[in-house]
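Each chain, written out:
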Amino acid sequence: MDWGAIFGNAAVELISPTTAAYALAALGLAIHFGYTGLLNFGQAGFMLLGAYGYAIPALKLGWPVWACLLTSIVASVIFALILGIPTLRLRADYLAIVTIAAAEVLRLVFTTNEFAAVTGSANGLSEYQRGILEFNPFPQGRYGFGPWVFDNRVWFFLVIAWIVVALAAVFTWLIMRSPWGRVVKGIREDEDAVRALGKNVYSYKMQSLILGGLFGTFAGILFVLPRAVVPSYFQPSLTFFVYAILLLGGAATILGPIVGSIVFWVLLSFFSGFIARAVEQGWLPFMTQVQAGQIRFILVGVAIMLIVVFMPQGILGNKKELAFVK
Amino acid sequence: MSSETAPTAKPVKTTGLHVGDAAPGVKKVDPILIADGVKRTFGGLTAVDVEHVEIPRNAITALIGPNGAGKTTFFNLLTGFDKPDTGTWSFEGKPLAHVPAYRVARMGLIRTFQLTKSLALLSVMDNMKLGAKGQTGENLFRGLIPAIWRKQDSEIETKALDLLGRFKLDAKKDDYAASLSGGQRKLLEMARALMSDPTLVMLDEPMAGVNPALTQSLLDHILNLKQEGMTVLFVEHDMHMVRHIADWVIVMAEGRVVAEGDPHTVMQDPAVIDAYLGAHHDADLGATDTEHVEALKELIDDEQ
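Respectively, the protein sequence lines represent chains G and D.
Everything in the first sequence is counted per my numbering, starting at 1137 for the first residue and increasing by one.
Everything in the second sequence is counted per my numbering, starting at 1373 for the first residue and increasing by one.
It is possible that some hints are incorrect.
[Said to hold, decoys possible] Restraint-style ranges between C-beta atoms, simulated for each label pair:
#1 V1445/G x D1546/D: 27 to 35 Å
#2 G1440/D x E1240/G: 43 to 51 Å
#3 I1218/G x R1475/D: 22 to 30 Å
#4 N1259/G x L1417/D: 40 to 48 Å
#5 E1270/G x D1546/D: 40 to 48 Å
#6 N1259/G x G1506/D: 37 to 45 Å
#7 V1210/G x G1506/D: 52 to 60 Å
#8 L1206/G x E1527/D: 34 to 42 Å
#9 L1226/G x E1423/D: 30 to 38 Å
#10 G1440/D x F1251/G: 42 to 50 Å
What the hints contain is simulated information worked out from the structure, not anything from laboratory work.
Idealized CB from N, CA, C, for every residue including glycine.
Construct the complete structure from the given sequences, taking the supplied hints into account.
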């Protein structure tokens, strides 16, 4: 058994751009769900808008990087407004229903052949990174140490991704310790009470939805920068993985989503490497290689259930809070 | 009115609040809140149908009535938490109809809830700070820079500490509100309402679920509000409390105002006795209603 490869692959996930992207998406959900109490089940939709909002103008119109970023941001703010205006006055469950449906609608629109000329349909888009790679300060070649040997392109995206995550974490920390954060936390506990104290609850919920959605949008861009973008990345399961990361790390914490994402990806990589090789070795005679590829998701599911039952506050969550949860 | 009230002393009643005979919808000398033709129906049920009512300024007004009389619905309508079918009402001369709840609160009309709404997973201090009005740091962008809001925040904290001290909650300031007892949460909700320096405080059953030991201190707090120049309107089922502290009593039954007057005379009003006893005199009233009947009978006996 090649333990070196198993652990090496797992170690790569520790700092991979994908881990950073998921951490950022989870941080967005922490703002929505952990701090404001908004049940956004459409984070995949925000990520999709980020990814395509960047890729389409870059590839089809040859826009510069800043214009592509702006397109993503505008698309995601509009999406948040469309979701929020009708539902944020209603009970929390309505937002959950609308967001999960809207994210699916978006994914199917980008999958349909009707718009293949723009979206690339199910095959997606690739080679839209040319603009941003002009800024790559890393010299040509593959380098690194230990398991972390990447080419200059991956290093570039990796550094960008973690810088964005760090900035987002600092931003979230600043805003959640301010009076603004106090108001949204109050809304999470009881929005009528906050309304009775003269706060415009609807506006705060909308601000939170837009802010967390923007984090999802940036996560979408970071996620597709090192690869090609296809609509099937943005299935509802993506949102659920991000929720799993959030709950794993701790819902109302700043570093929880980041730690959660790292733990999630390292474990996922470790399990898939281990099981694939165990099947190869004939340790699991009842299982084929194809089945082995899927079993890691079963293990993720089991792990999420165990977390929710035995450690509902997550890795970094405050256990004291749970003493009062009904 | 400005005399110092010792905890057990008899409260000083404000009198001469109305113009003419005390009757439903009577004119007040100095009304702070005037409601006209406020009607709210839920399907076929008319929950509130108030023709005209005025709330006197700088006095304690009690809103009483049997269960289902529409008191809480009327509260919700006045504070923007519910929308009436028809009607207008104004607060200090400014029209309030169709004004959203948060704007009503900003105008100085603060309410509490029948089922206490403490913000469970916020500390007692954060609960209090949330009550303060006009905080610059509550803007998303200004909130990012602590230098902008820190000074104001520490002023708010000083004020909150003072209020918490008066409500004997200062030892609890760093605990989650969830860890308080039911009575302490009532106190916290009232203290939080005072953070915004309201002109009219509307308390929905401030005594519900409060143990007798805390009742006296809550009563004193309500009386203090009047001394500090605020107006209080409260819904209450406890007749002793109503008689003890209210300057004016408005009685509602089946959505209408059926009687008004000072607490001693209004309780002898046949319309009030009818409201409590008449409609149900041969029905099984259940535990809560029996309590009211008992209390009312006692009061009537006391008066005679």
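N1259/G versus G1506/D beta-carbon gap, inside 37 to 45 Å or not: violated, 55 Å
Given a hinted range of 40 to 48 Å, is it respected by the beta-carbon distance of E1270/G and D1546/D? Distance hint for E1270/G, D1546/D is violated at roughly 53 Å.
G1440/D paired with F1251/G, Cβ distance criterion 42 to 50 Å: violated, 58 Å
Note whether the CB distance of L1226/G and E1423/D lies within 30 to 38 Å or breaks it. For L1226/G and E1423/D the Cβ distance comes to about 33 Å; the hint holds.
E1527/D and L1206/G - C-beta distance against the hinted 34 to 42 Å: holds, 40 Å
Whether the CB-CB distance between V1210/G and G1506/D falls inside 52 to 60 Å: Given about 32 Å between the Cβ atoms, the range is violated.
Kindly confirm whether 43 to 51 Å is satisfied by the beta carbon distance between G1440/D and E1240/G. Once the Cβ atoms are compared, 45 Å apart, the range 43 to 51 Å for E1240/G and G1440/D holds.
If I claimed the Cβ atoms of I1218/G and R1475/D lie 22 to 30 Å apart, would that claim hold in this structure? Distance hint for I1218/G, R1475/D holds at roughly 26 Å.
Could you check the hint for me, namely that V1445/G and D1546/D are 27 to 35 Å apart, CB to CB? At 30 Å between Cβs, range holds.
Supplied distance hint 40 to 48 Å, evaluated on CB atoms of N1259/G and L1417/D: violated, 60 Å
The structure does not agree with the numbered hints 4, 5, 6, 7, 10 stated previously, though it agrees with the rest.
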